[in-house]
Structures are given as structure tokens and as C-alpha cells.
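Undergrad: All chains, please: the whole structure from these sequences, using the hints.
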Amino acid sequence: MTMNFFAPFCIPFMVGAVVMAVALVVKYARWIYELPRADKKLMLHGIFTRRSLEAIWEVFRESLLHRRIFKVNPLLGYMHMSLAFGWFLLILTGWIEVVAYLGFTYVPLQGHVFFKYFATGLEEHKPVFNFLMDFFLLMVLSGVFLAWCKRLYSKAMGMRRTTRHVLGDRIALSALWFVFPLRLAAESLTCAIYGGGGFLTGSIGSWLSAHVGGAVLEALYEPSWWLYSISLGVFFVALPFSRYMHIFTEIPLIFLRRYGLHPREKESSFDNFEIQACSRCGICIDPCQLQSVLGINDVQSVYFLRDRRYKMLTLSVANDCLMCGRCETKCPVGINLNSLRQNSRDTMRNIPDESRYGYLASVDRSEGEGRVGYFAGCMTLLTPRTLSAMERIFEAAGEDVWWADRNGGVCCGRPLKLSGETDSAKKMMRYNKELFYKHNITTLVTSCPICLRVFKEEYALRGIEVLHHSEYILRLMRQGRLKVKADGGKFTYHDPCELGRGSGIYDEPRAVIEAVGELLEAEHSRENSFCCGASLANTVINDAQQLKIARSMAAEFAQTGADTVVTSCPLCKKTVTRGTTMPVKDLSEVVAEHLA
Amino acid sequence: MAAIEWGFSINRPRVIDVDRNNLRKSDEILLEMPELQSCIGCGACTASCTAGNLTNFNFRKVHTLVRRGEYQGAYEEMNKCMLCGKCRLLCPRGINTRGVVMLIKRKLGDF
Numbered sequence: 001m002t003m004n005f006f007a008p009f010c011i012p013f014m015v016g017a018v019v020m021a022v023a024l025v026v027k028y029a030r031w032i033y034e035l036p037r038a039d040k041k042l043m044l045h046g047i048f049t050r051r052s053l054e055a056i057w058e059v060f061r062e063s064l065l066h067r068r069i070f071k072v073n074p075l076l077g078y079m080h081m082s083l084a085f086g087w088f089l090l091i092l093t094g095w096i097e098v099v100a101y102l103g104f105t106y107v108p109l110q111g112h113v114f115f116k117y118f119a120t121g122l123e124e125h126k127p128v129f130n131f132l133m134d135f136f137l138l139m140v141l142s143g144v145f146l147a148w149c150k151r152l153y154s155k156a157m158g159m160r161r162t163t164r165h166v167l168g169d170r171i172a173l174s175a176l177w178f179v180f181p182l183r184l185a186a187e188s189l190t191c192a193i194y195g196g197g198g199f200l201t202g203s204i205g206s207w208l209s210a211h212v213g214g215a216v217l218e219a220l221y222e223p224s225w226w227l228y229s230i231s232l233g234v235f236f237v238a239l240p241f242s243r244y245m246h247i248f249t250e251i252p253l254i255f256l257r258r259y260g261l262h263p264r265e266k267e268s269s270f271d272n273f274e275i276q277a278c279s280r281c282g283i284c285i286d287p288c289q290l291q292s293v294l295g296i297n298d299v300q301s302v303y304f305l306r307d308r309r310y311k312m313l314t315l316s317v318a319n320d321c322l323m324c325g326r327c328e329t330k331c332p333v334g335i336n337l338n339s340l341r342q343n344s345r346d347t348m349r350n351i352p353d354e355s356r357y358g359y360l361a362s363v364d365r366s367e368g369e370g371r372v373g374y375f376a377g378c379m380t381l382l383t384p385r386t387l388s389a390m391e392r393i394f395e396a397a398g399e400d401v402w403w404a405d406r407n408g409g410v411c412c413g414r415p416l417k418l419s420g421e422t423d424s425a426k427k428m429m430r431y432n433k434e435l436f437y438k439h440n441i442t443t444l445v446t447s448c449p450i451c452l453r454v455f456k457e458e459y460a461l462r463g464i465e466v467l468h469h470s471e472y473i474l475r476l477m478r479q480g481r482l483k484v485k486a487d488g489g490k491f492t493y494h495d496p497c498e499l500g501r502g503s504g505i506y507d508e509p510r511a512v513i514e515a516v517g518e519l520l521e522a523e524h525s526r527e528n529s530f531c532c533g534a535s536l537a538n539t540v541i542n543d544a545q546q547l548k549i550a551r552s553m554a555a556e557f558a559q560t561g562a563d564t565v566v567t568s569c570p571l572c573k574k575t576v577t578r579g580t581t582m583p584v585k586d587l588s589e590v591v592a593e594h595l596a
Numbered sequence: 001m002a003a004i005e006w007g008f009s010i011n012r013p014r015v016i017d018v019d020r021n022n023l024r025k026s027d028e029i030l031l032e033m034p035e036l037q038s039c040i041g042c043g044a045c046t047a048s049c050t051a052g053n054l055t056n057f058n059f060r061k062v063h064t065l066v067r068r069g070e071y072q073g074a075y076e077e078m079n080k081c082m083l084c085g086k087c088r089l090l091c092p093r094g095i096n097t098r099g100v101v102m103l104i105k106r107k108l109g110d111f
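Taken in sequence, the protein lines are chains A and B. If you're matching positions, the first sequence starts at 1 in the working numbering and goes up one per residue. If you're matching positions, the second sequence starts at 1 in the working numbering and goes up one per residue.
Bear in mind the hints are in silico, worked out from the structure with no lab data behind them. None of these values were measured; they are calculated from a predicted model. Warning: the hint list may mix true and false statements.
Unchecked claim - Covered stretches of chain B, going by a simulated chain A footprint (3 or more residues, C-beta under 8 Å): (1) 53-65; (2) 77-83; (3) 94-102.
Said to hold, decoys possible - Think about it this way: if two alpha-carbon atoms lie no more than 20 Å apart in a straight line, the pair counts; the simulated EDC-like pairs of lysine to aspartate or glutamate are: (4) B:K25 / B:E35; (5) A:K490 / A:E593; (6) A:K490 / A:D507; (7) A:K266 / A:E458; (8) B:K107 / A:D353; (9) A:K426 / A:E458; (10) B:K61 / B:E76; (11) A:K548 / B:E35; (12) A:K427 / B:E76; (13) A:K483 / A:E395; (14) A:K426 / B:E76; (15) B:K105 / A:E354; (16) B:K105 / A:D423; (17) A:K574 / A:D563; (18) A:K548 / A:E523; (19) A:K433 / A:D423; (20) A:K71 / A:E328; (21) A:K485 / A:E395; (22) A:K433 / A:E354; (23) A:K490 / A:D563; (24) B:K105 / A:D353.
Think of the CB as a built atom: it goes at the ideal place given N, C-alpha and C, for glycine as much as any other residue.
TA: Structure (C-alpha cells):
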């Protein structure tokens, strides 16, 4: 049987498919070509390992099934799954169907896509395929229907707010919404005239042939296929330049991430994969306290990534972020939102200055001789109770301590790095690192999670173990060097962003609190805990706005019935204190009060 | 005739003439950060300053001079700041001091 696989209505689809293919190939080839040498090496080393297989499995889970969106909300997950997986199954089953009818012969792309149009002359029908194709079409249509509903009432899908889209996205979105209803119309009309079809297109077709005149059906037949082809073509042309770029980009992103690539301190080509893998779903909007508490609507990660992608990023958008990481934990694509924002800030603000911080050279105000170093950090010097509590704890444990900055020291460098002045921050980091080595410490304890994070991530302190004081205190208690007595006090705990989401330390402070009293969890704790609002990452919001965030987050602590709020970050302590009337204490204070 | 060495010299006048200074940059800074006008000059920022503890960097002095149009050397002075943020926590008027440092550096980079 020979079939003709061309009709004029195919042209919009074919043009769209070619434009999309060329745009995708050009984009990906350029990004990979421009990858830093080290990233290319990682890629080559990873390709022929198990990681590629793991990546394939992850692509199936995340790009087709959207497991992570199901975790946000089942209905939202189903909506994305039905569109992505449903469409994928339609294409796959369509190809199998063509093979089943025609055997292994060459069929051009449009022949597969518009098979129902070209295959009207088939003698025998295969009901299995009719059923499957209709079933998957219904699955996709249910997703489209849910997408329409989401526009009207997003709360039903667990989203209070959705993204405000730019014009290009709206065009692509509209085209996508029309693709499947138009496909249904075209196939049903074909069934009405030529018969065949499954429970969906077949039934509609026979209803149409019974109720609508043959002349009308003939008149609608060709235009319906034209419209279907045009909607596909428009969508394909818009895809590489709109949010729908995520459909394909998530796949190379998953592979590259498995090979160990990640956004760097400076902008690099890999960032393109992350930025364009953003689907602008807007799941990052609801967790953002700048949105929920302050009503700031244009700085969330989705808008930041969009602005950066279209090269219209402003300093005020890049800087207006607490970098608390709440959105990052929710992102269904797993984009490193904080790292990307930070290297944007670097691009906008980093001004290398060799002479800067020349005054550090002669500074050494440290004291003590111990192998255990204690770095209080700027913020701890501003909360002297934490410092004196740590002094008591060290004394009680009989630890010989080298005090790095009790008499004034140099900042760890993270605040400057967060503001984008990466190269200058390096100077402070180098200074502190040399200071630590000079005094031969083997353990470095700090009370400030901001310092902790930069010590762990940037300093590369070989031979020196870096501990937060919560980890250190727990270790002393477990070793029996620190004895505490419980007195039945009721505590609630605030997870500092840099300690919890930033460094993954949730359990140690809790274990310490449970050793001295009862721990009552607030509604939002651990990964979901709120930011206190005073984050050093944000240099835009003013004092009143910070206070508003502090009050909104501290309101939960009163509901726990606890007597005292405990935190383990000096900056959080200062801020939470402003937001509540309850007493707020650092973890070390609580321990020092309960020393046996 | 050689001048007699009395051991004294004449200081240059230290009066700031706001009328003669170009206040355009200063106005721009105040427009972007109006809260800076609520500064009472208490000096808490300078007292707590990590960089001020190690050098003669004086945040209160620098931003006060900048507001009066004295831009000379302000950028270099502000570069001593470590942006650690203690001053912001202490400021009784809740001024976004870190924002001020970044803004002054952005506006006065070429002075």
C-alpha cells in the first residue's frame, strides 16, 4: 500500500518543527561549547558511567511523571503529568501504530503526526490503537482542562499565587491550550466522514455524522486540520524562546547535574541550562516571605530567572532576596536558585581592587593557645550573652581554647560575598584562613551559621574540623565532658536559614534542647521554617519591612505553648527578639544555664 | 629672609560650603535612600564597626560628608567596610546602613 504523506495544511507544522529543531540545536551546541574546561571534563568523565543510567531514570521520573510536583500538590502534579506524559505516550503510541499498520517503512514526520488524516483509506482498523490513542488524548485534554481551571482558581491546586506571564509566554500558552482540543476536533471530523476512531473521536464522529449534514462536515474537514497544524506550528516556533524551553532543557540539565556540574561563583555557560529549565510554574512564589508578608511581587526566583534570561535583570531585583532557600527546597526542577542569584550579583557588583583591605595584613588580636579555635563572628560579638555562655561552656568542659576574635576580628567574608563583591571577600577569607593555620588549630567552632557556611563551603580548611556550636556542645555532652540537668522548661526552636537549609543541621540543636527540657515544635520548622527577615543577603528591604517579617514568623512561637524561643544564630536571635514578647535565647545560653 | 620656624602652621579652612558643593550625587543618594535623612548622628554604627575597630574608618563621618557634597575619598573609605551588618542592627533609626554603603559606592565610584 502506498500512501501520500503530504498535504498543504502540514506546512505550518513543518515550518514550526524545523524552526524549533534548529533553535534547540544551536542553543545547546553553543552552551556546551562555552562550558568551562573543568565542566567539559566532568561531562566526559561522567558520560560512560552509571550516572547516565541514573539520569535516564530521573528524566523519566521528573520530566515525564513530575514526581516533585506531585509532592507540592497531587492535582497540580496530575495536571503536569497528564500533559507531559500523556503527550509523550500519544507520540510513542502514534509511532507504534504507524509501524503496526505499515510495517517498518520510512514515514515522514508529518505522516506520523497527522496519521489519522492520511490513513483514511485503510481497509482494516486496529481497535487497540484506536482505544489507546483516544485514551491518551483524553488524558492530555484533562490536563488542559485543569490548566484552564488553574487560571481561574489556582488555590484548588495548592497555589495561592501563580506567575504573571510576559506576552511571549501567553502566546505560547494559548497555542498549547488549543493544540489538543483542535486535534480532537480534526480527528472527530475525520471519523465522522470516514468512520473508525475509538471511544472518544469515534463516538463524537458518529454523533456528528448523524446530526450534521455531510456538506457541513466536508466544509469543516480541511480547515480543522489546518487549525490543528497552525496551533502546533505556533507553539513549536514559540517554544525555544518562551517558558516552554523547559520541556527539553530539563533533560540535559538532569544529565549534566548527575555529572557533577553546578552553578559557579561566576556566571558560566552551565547557568543557561538551569535558567532555561525554569518552567515559570511559580511554585517558588508562595514560599517567599517577601511576597506573603510584604506583598513584593516582582523579585521572586521565577521573575529573577526570567529577567536574567531575557537580559533585563535590574540590581534591585537581584538584591531583593533573603536567600533563605525556602523556594529552592520547593523548586520542582531543582534549580540552584541561590547560587544563580549570587553569581548575578557578582556580575553586577564585583569590582576587583587589589589595594582593598590592605590594612588586614598586620592584624592579629587572637588570644589563647588551645587546639580548639573559637570564631565568634561579628554578630556574636554583638550578642555578648552568647559569647559569655560559650566561655562558660568551654570552661565547664575544660577545653583549652584559642579565641580568634574575642577582641575584635575580621569578618568571615560571607556578607560581602552575598552582596556580590566576590573577589574582595576572598581577601578576608584568605586572611582568616592564614590566621587559623598560623595558630595550629585542629577544630574550629563558631556560633554564627553565616560564618559556619562560608568556612565549610569556601575556606577549604584542610586539617581543621569546622563545627557549629550546636554540634560541638552535643559532642561534649555525648562524650560526657559537659553535664547538664533538665528542669522541665518548655522550649521552641527557630531554625536559622543558614544552619538548617544552608548547612543541613537540624537535629543537633534539637538534641541539645531535649537534654535540658521539652521541645515544642512550631508549625513551620526544619526545612519549612521561616526566615527571621534580617538576612544579610537582602540589602533592599527597610527596617519596617524586616520587623514585619520578624513579627509574622515569631507569631507561631507563642502558639506552641513554650516559655522560651531558642535559636542558634546571633542574627536570628536579635531579630526574633524584636518580633516577639517571649524571651529569646541562644542555644549556648540555655546550655550554660543548665550546667550541672 | 628665611621665615622663622614657630612650630605652627596655618590650617586650610575646614568649613564645608554647601552652596558651593555640587549636591547632585548627594541628592540622588537621598532620593534612593530617603531614610538616611533620619540619621541622628549617634555614632552607634561607627562604635560597633568591625572595620572601624581595626582602622580609622568612620561610617558616620563618611556618609555625613557625602550628604554635604564632600565626595573626595568617600569611595576609598567605604571600601574599608566589610559589610558585616552589625551597624544595621544597632542603628536606632533602623537605617539600612549596608544599603547606604553599597549605594554610596555605586554613585561615587568615579570620585
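Undergrad: Each hint should be assessed against the structure and marked as holding or not.
TA: Against the structure, the hints come out as follows:
Judged by the Cβ-Cβ criterion of 8 Å, the segment 53-65 of chain B is covered by chain A as claimed, because 3 of its residues qualify and three suffice. Under a criterion of three residues with beta carbons nearer than 8 Å to beta carbons of chain A, the stated coverage of the segment 77-83 of chain B is upheld, 4 such residues being counted. Only residues whose beta carbon comes within less than 8 Å of a beta carbon in chain A count, and the segment 94-102 of chain B has 6; three or more means the coverage holds. Using a Cα cut-off of 20 Å, the hinted pair K25 of chain B and E35 of chain B holds, with the two alpha carbons roughly 16 Å apart.
For the given pair, K490 of chain A sits about 14 Å from E593 of chain A by alpha-carbon distance, which is consistent with the 20 Å threshold. For the given pair, K490 of chain A sits about 17 Å from D507 of chain A by alpha-carbon distance, which is consistent with the 20 Å threshold. Straight-line distance between C-alpha atoms of K266 of chain A and E458 of chain A comes to about 14 Å, which keeps the hinted pair within the 20 Å bound. Taken as a hint, the K107 of chain B and D353 of chain A pair is honoured in the structure, with Cα atoms around 17 Å apart against an allowance of 20 Å.
For the suggested pair K426 of chain A and E458 of chain A, the alpha carbons sit about 9 Å apart, so the restraint of at most 20 Å is met. Restraint check: the Cα-Cα separation between K61 of chain B and E76 of chain B comes to about 13 Å, which is no more than 20 Å; the hinted pair holds. Taking the CA atoms of K548 of chain A and E35 of chain B, the gap is about 17 Å. The hint holds against a cut of 20 Å. Between K427 of chain A and E76 of chain B the alpha-carbon distance is near 16 Å, which keeps this suggested pair within the 20 Å criterion.
Pair hint K483 of chain A plus E395 of chain A holds up; C-alpha atoms about 12 Å apart against a cutoff of 20 Å. Simply put, K426 of chain A and E76 of chain B have alpha-carbon atoms about 18 Å apart, close enough for the 20 Å limit, and the pair holds. About 16 Å separates the Cα atoms of K105 of chain B and E354 of chain A, which keeps this hinted pair within 20 Å; it holds. With a CA separation close to 16 Å, the supplied pair K105 of chain B and D423 of chain A stays within the 20 Å bound.
Using a Cα cut-off of 20 Å, the hinted pair K574 of chain A and D563 of chain A holds, with the two alpha carbons roughly 18 Å apart. Note on K548 of chain A and E523 of chain A: the hinted pairing holds, with a Cα-Cα distance of about 19 Å set against a maximum of 20 Å. Distance hint between K433 of chain A and D423 of chain A is fulfilled; the C-alpha atoms sit about 15 Å from each other, no more than 20 Å. Of the supplied pair hints, the one linking K71 of chain A and E328 of chain A holds, its CA atoms being roughly 14 Å apart against a limit of 20 Å.
Between K485 of chain A and E395 of chain A, the direct Cα distance comes to roughly 17 Å. Compliance with the 20 Å bound is thereby established for this hinted pair. Taking the CA atoms of K433 of chain A and E354 of chain A, the gap is about 18 Å. The hint holds against a cut of 20 Å. A C-alpha spacing of about 5 Å is found between K490 of chain A and D563 of chain A, which places the hinted pair at or below 20 Å, so the restraint holds. About 13 Å separates the Cα atoms of K105 of chain B and D353 of chain A, which keeps this hinted pair within 20 Å; it holds.
The structure meets every hint from the earlier list without exception.
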